[in-house]
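Protein chains in written order, with my numbering: chain U, -10 to 300; chain V, -10 to 300; chain B, -10 to 300; chain E, -10 to 300.
These are computed hints drawn from the structure, not numbers from a lab.
Certain hints may be false.
Keeping only pairs whose Cα atoms sit at most 20 Å apart, straight-line, the calculated SDA-like set for lysine to any residue is [to be verified]: (1) E:134 - U:168; (2) E:134 - U:177; (3) U:125 - U:258; (4) V:242 - V:255; (5) U:298 - V:116; (6) V:298 - U:282; (7) B:242 - B:103; (8) E:271 - B:259; (9) B:134 - E:289; (10) U:157 - U:31; (11) U:271 - V:285; (12) E:298 - B:281; (13) V:298 - U:258; (14) B:242 - B:134; (15) E:157 - U:291; (16) E:134 - U:287; (17) V:298 - V:288; (18) U:157 - E:272; (19) U:271 - U:284; (20) E:125 - E:166; (21) U:134 - E:116; (22) B:134 - V:116; (23) U:298 - V:297; (24) U:125 - E:150; (25) V:134 - V:116; (26) U:134 - V:285; (27) V:242 - V:252; (28) U:298 - U:287; (29) B:298 - E:272.
Some chain B residues near chain E, calculated using beta-carbon distances under 10 Å [claimed, not checked]: (30) 78; (31) 219; (32) 235; (33) 253; (34) 258; (35) 265; (36) 279.
Please read these numbers as outputs of a predicted model, since none were measured by experiment.
A virtual CB, placed ideally from N, CA and C, is assigned to each residue, including glycine.
4 protein chains.
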Amino acid sequence: MTVSREQRAEMRAASEVSHTTKRPTVSALERILHSPIELLDHGLLRVIDYMGDDTSIVQAARVSYGIGTKNVRNDRGLIRYLMRHRHTTPFEMCEIKFHVKLPVFVARQWIRHRTANVNEYSARYSILDREFYIPKQEHLATQSKSNRQGRGVVLEGEEAERVLQILKDDAFTAYDHYVEMLNEDEDGEPLDPNRDGLARELARMNLPLNIYTQWYWKTDLHNLFHFLSLRADPHAQYEIRVYAEYMLEIVEKWVPIACEAFRDYRLGAVTFSSQVVEALRKSLDIGAFEAALDGLSEREVTEVLTILKTQ
Amino acid sequence: MTVSREQRAEMRAASEVSHTTKRPTVSALERILHSPIELLDHGLLRVIDYMGDDTSIVQAARVSYGIGTKNVRNDRGLIRYLMRHRHTTPFEMCEIKFHVKLPVFVARQWIRHRTANVNEYSARYSILDREFYIPKQEHLATQSKSNRQGRGVVLEGEEAERVLQILKDDAFTAYDHYVEMLNEDEDGEPLDPNRDGLARELARMNLPLNIYTQWYWKTDLHNLFHFLSLRADPHAQYEIRVYAEYMLEIVEKWVPIACEAFRDYRLGAVTFSSQVVEALRKSLDIGAFEAALDGLSEREVTEVLTILKTQ
Amino acid sequence: MTVSREQRAEMRAASEVSHTTKRPTVSALERILHSPIELLDHGLLRVIDYMGDDTSIVQAARVSYGIGTKNVRNDRGLIRYLMRHRHTTPFEMCEIKFHVKLPVFVARQWIRHRTANVNEYSARYSILDREFYIPKQEHLATQSKSNRQGRGVVLEGEEAERVLQILKDDAFTAYDHYVEMLNEDEDGEPLDPNRDGLARELARMNLPLNIYTQWYWKTDLHNLFHFLSLRADPHAQYEIRVYAEYMLEIVEKWVPIACEAFRDYRLGAVTFSSQVVEALRKSLDIGAFEAALDGLSEREVTEVLTILKTQ
Amino acid sequence: MTVSREQRAEMRAASEVSHTTKRPTVSALERILHSPIELLDHGLLRVIDYMGDDTSIVQAARVSYGIGTKNVRNDRGLIRYLMRHRHTTPFEMCEIKFHVKLPVFVARQWIRHRTANVNEYSARYSILDREFYIPKQEHLATQSKSNRQGRGVVLEGEEAERVLQILKDDAFTAYDHYVEMLNEDEDGEPLDPNRDGLARELARMNLPLNIYTQWYWKTDLHNLFHFLSLRADPHAQYEIRVYAEYMLEIVEKWVPIACEAFRDYRLGAVTFSSQVVEALRKSLDIGAFEAALDGLSEREVTEVLTILKTQ
């Protein structure tokens, strides 16, 4: 289940292909299409296919709003308007498909995002490879004292060595026993011809949660943004955040305008409760605030001031 | 398709029933269960069934976070924390089912919310009733000059009368022709025994978008909140907003704590872009702001100040 | 909202474009990409974009089943196996986007398919065009006597004329009143400068269900097959079936192997209850039946006989 | 994460509660509400809540088909008709919520059913219990020779003992190391006050796939039937099938008529391709077949014969 020689050949072959198409095509994304990005120790992320670009979002919005959108001066303005006002359906008109290799405990978080299509390697059918995520020493964080799902300082010295030793030993012992129980070599031939092997679907239960699996994962841009808003967030577990951050870079190549709007209005945005907004209304020096808004479009300034002026 | 005598009898019968159950039960909601709320001119909204209450949200969150949630002092604190931090899955553990009678043009907006279960009256199978939404004069708004989907001032006098006349005349003419094309009375008997009637699935195409339809609509609390955040919003069309506002009152009876949190952190909340947050950081007098936050929990104050203090 | 001159220009421009891409590309589909198919009297169907081809299904299945699929001799065999055994996820790896112009009553059936992305023309923002579906006389079917949602014989002569007259008159009257209430011409200028127009979101309620709307509709191949199995079925209403049948032809160009499998194992297939299967077991002459299976793959023959042999 | 003393107390308390309600209530299901069914070695399944009963399906169908359903003689006939003709939406009107304790490798298959609501115990927040699925010797099946995902004969004697020894040893070693890395006791106190513990989200990666997790899982009856059609099937892995079979028994108590229809028209039904149906048409002795259909409703016999008579 590693990226096999066969898969590497496929990736290379796919990269060398060149078709002509009348579909919207993004050359910055084409350049990395099929090519694997390596991450963690054995992880992999690559774009297999995509549909649409920034103009596809605009095109869909114009179908919805008809002549109503003629007023918006340009595509960037329209996309930013859609993002700001959570008009999400035009973003669903773009689609992307990834090939991902990832540890099972990361896959378990990832799969919770339900609006996606998935084909995962099946350990009922096939034999898993001897590949486990062993963190780098610098990622061996302690439990945070203040945050139940957070990380604290980093383990060092003997303590770190002990953890790494445990993770490696237990993984490889488990794997050796997996192979022993299967009694199969890579070609499905019995290792010991005098005994039967345990069914694959049973033997795999001995493997730890840091073993790598892989899947194809396909989703639309709106749902991908939702995924990224949760998984590229500092509260996400480091091991899934790494994937999310690379995906965000890919999205930037693919739909640069939508991605910029996402960073401004979602990823870097903050939602304040009605009580906090009320407190802002009471305490804000509107003049100073308006001066600090320098650089925003006139439309946005008006929207923001309407909310924050004492009513 | 009006609420037929049969349906009224069913509603009354359902209201008089009394079972014993070990399920979470909300007495404020039981009191209105099955009873129709009348809205618009022929509209109807009633709760048919529900699952769960505020404690169901807490119970689900405690399964997720295990002993990790023991620290949160009480149910209200936990529910507000979940809402504030968009931990949405525990809200999916509550479910509600409505019976709704509504104009077709409202149904067309409503059905865009995909994560719901629907059974709608079928005009392929059955005959629609002579019931149309005719707005009250006070709702005959003009097109807004500033907002392409908004309403402006209200039509009055002759102009209003003319509009109401058109709406009524066209609706009733269309309905009379519908019946003529069907050539069927209410019991399916031919009106004119010497000719055939047009298929129901065809004849209905003559009816205008303000004819009433009805359906059962079932969704979970998280998706209902999403629906309400869009449809109880001032930007929603008045005719669907009326339904949303009654639904919000129902939700208040059903899950009062979650509903309060929804009002504070979603409905009344505001999302500011990273640029606006930056402008707030620069221009805000933190001392004055903190004073204005009076009344918020210590935890929330800390969260907000962490965001807004110059970094 | 007709295909405007602007849209036609866009379609033409899109058709003339030629990019290079490393994505799977289907030349038979490229040939019709962007080009409108006309159907009904003012309807339109065209493919805007697509992702994947038959090999994408195979590729996804091979990720799932790993070396387990090496045994299947070829792509066609694998795709047929997947379809036969309802291994549906690999079909979700292909995606297609349509631009559709369709009467509102058809749109109301169509939208019930929830696993799809939609951007519909909004009559809150913009003005609908004067285009209505008026059936051809040969489609003016009567209500079936035996089937509550079916059609019977066709209306002819005066009866047919009367129906067509009603549909046309009511539609155009409704539209004239729509324009009068709006008090707007195509460019949004008031027709009568001395009075206000009714809001668009209100005026549209006067329009009948046979008015045309349009949308972009995007879905994956698995969900498209589900759509087609219901809507290309003889029980579907003629007016939506026309769309489904053209879509099936498009699917045939796009993924010919999957489409053939769909016709054999879904569209033309029959599901028998356990009682009927038991009756087949009791009454079938297995020898004669096996002879009649001539042409099926050995694997399928074995599968079928295993089920039908007396057990 | 075992069923803790606290949870047991909650279950007992919930079982002793008695409310009055106007909701549809199923006494056979009430009797087992909240009570855990034990399965596998440490597994658990219990119903936490439910919405609707057989009559809710009928009620929803009658809204859809209006007077059109008056012809169907009774509720059972209608429900069977809906199931036979895949009119699935009325089944979505019933909802059920389970509390499930299950091994992680089973949870990974289960979660692939996307149309459901889930709250799972989080090993980022909390510490997992020392509970692993160790199969009974009689379930230690070998890999099937003929079916890549199937099981063959059962391991016995020394071979079986060796497998069980491996599974137990590796699980407990992994768990001991998990605790050592965490350096926390059950109350979150450090075991060794002189060193830090590894973050929970990291330490858990050492645990094998047969460790138990638990979740709340809520879905509607239509999607539950889909789940059961795949997971109560002989091709499903034994360890998930056990859950599905108990769930099927629960569904039988809950909606006995729908469950019977599901068994007849889905679980025990067979789908034949168009080629196979053609072969049946050619080779079937219709007289003998019709005689064997004895017991079916007249309506079904007609439906079946219409399909199978030479056309």
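Taking the hints in turn, this is what the structure says about them:
1. E:134 - U:168: 17 Å, holds
2. E:134 - U:177: With a Cα-Cα distance of about 11 Å, the restraint between residue 134 of chain E and residue 177 of chain U holds, given a limit of 20 Å.
3. U:125 - U:258: Answer violated: residue 125 of chain U to residue 258 of chain U is near 32 Å, above 20 Å.
4. V:242 - V:255: 18 Å, holds
5. U:298 - V:116: 53 Å, violated
6. V:298 - U:282: 17 Å, holds
7. B:242 - B:103: Cα-Cα ~25 Å, so violated.
8. E:271 - B:259: Answer holds: residue 271 of chain E to residue 259 of chain B is near 15 Å, not above 20 Å.
9. B:134 - E:289: It holds: about 19 Å lies between the C-alpha atoms, which stays within 20 Å.
10. U:157 - U:31: The given pair, whose Cα atoms are some 14 Å apart, holds under the 20 Å limit.
11. U:271 - V:285: Status holds; Cα separation ~15 Å.
12. E:298 - B:281: Given that 20 Å is the threshold and the Cα spacing comes to 15 Å, the pair holds.
13. V:298 - U:258: 15 Å, holds
14. B:242 - B:134: Violated: residue 242 of chain B and residue 134 of chain B sit about 39 Å apart, past 20 Å.
15. E:157 - U:291: 66 Å, violated
16. E:134 - U:287: 71 Å, violated
17. V:298 - V:288: 16 Å, holds
18. U:157 - E:272: Distance of about 63 Å is beyond 20 Å: violated.
19. U:271 - U:284: 25 Å, violated
20. E:125 - E:166: Distance of about 25 Å is beyond 20 Å: violated.
21. U:134 - E:116: 15 Å, holds
22. B:134 - V:116: 15 Å, holds
23. U:298 - V:297: 18 Å, holds
24. U:125 - E:150: Given that 20 Å is the threshold and the Cα spacing comes to 37 Å, the pair is violated.
25. V:134 - V:116: 40 Å, violated
26. U:134 - V:285: 24 Å, violated
27. V:242 - V:252: 14 Å, holds
28. U:298 - U:287: Given that 20 Å is the threshold and the Cα spacing comes to 16 Å, the pair holds.
29. B:298 - E:272: OK: residue 298 of chain B and residue 272 of chain E at ~14 Å, within 20 Å.
30. 78: 8 Å, holds
31. 219: 8 Å, holds
32. 235: Nearest chain E Cβ about 21 Å off; hint violated.
33. 253: 5 Å, holds
34. 258: Since chain E brings a Cβ to about 5 Å from residue 258 of chain B, closer than 10 Å, the hint holds.
35. 265: 6 Å, holds
36. 279: 8 Å, holds
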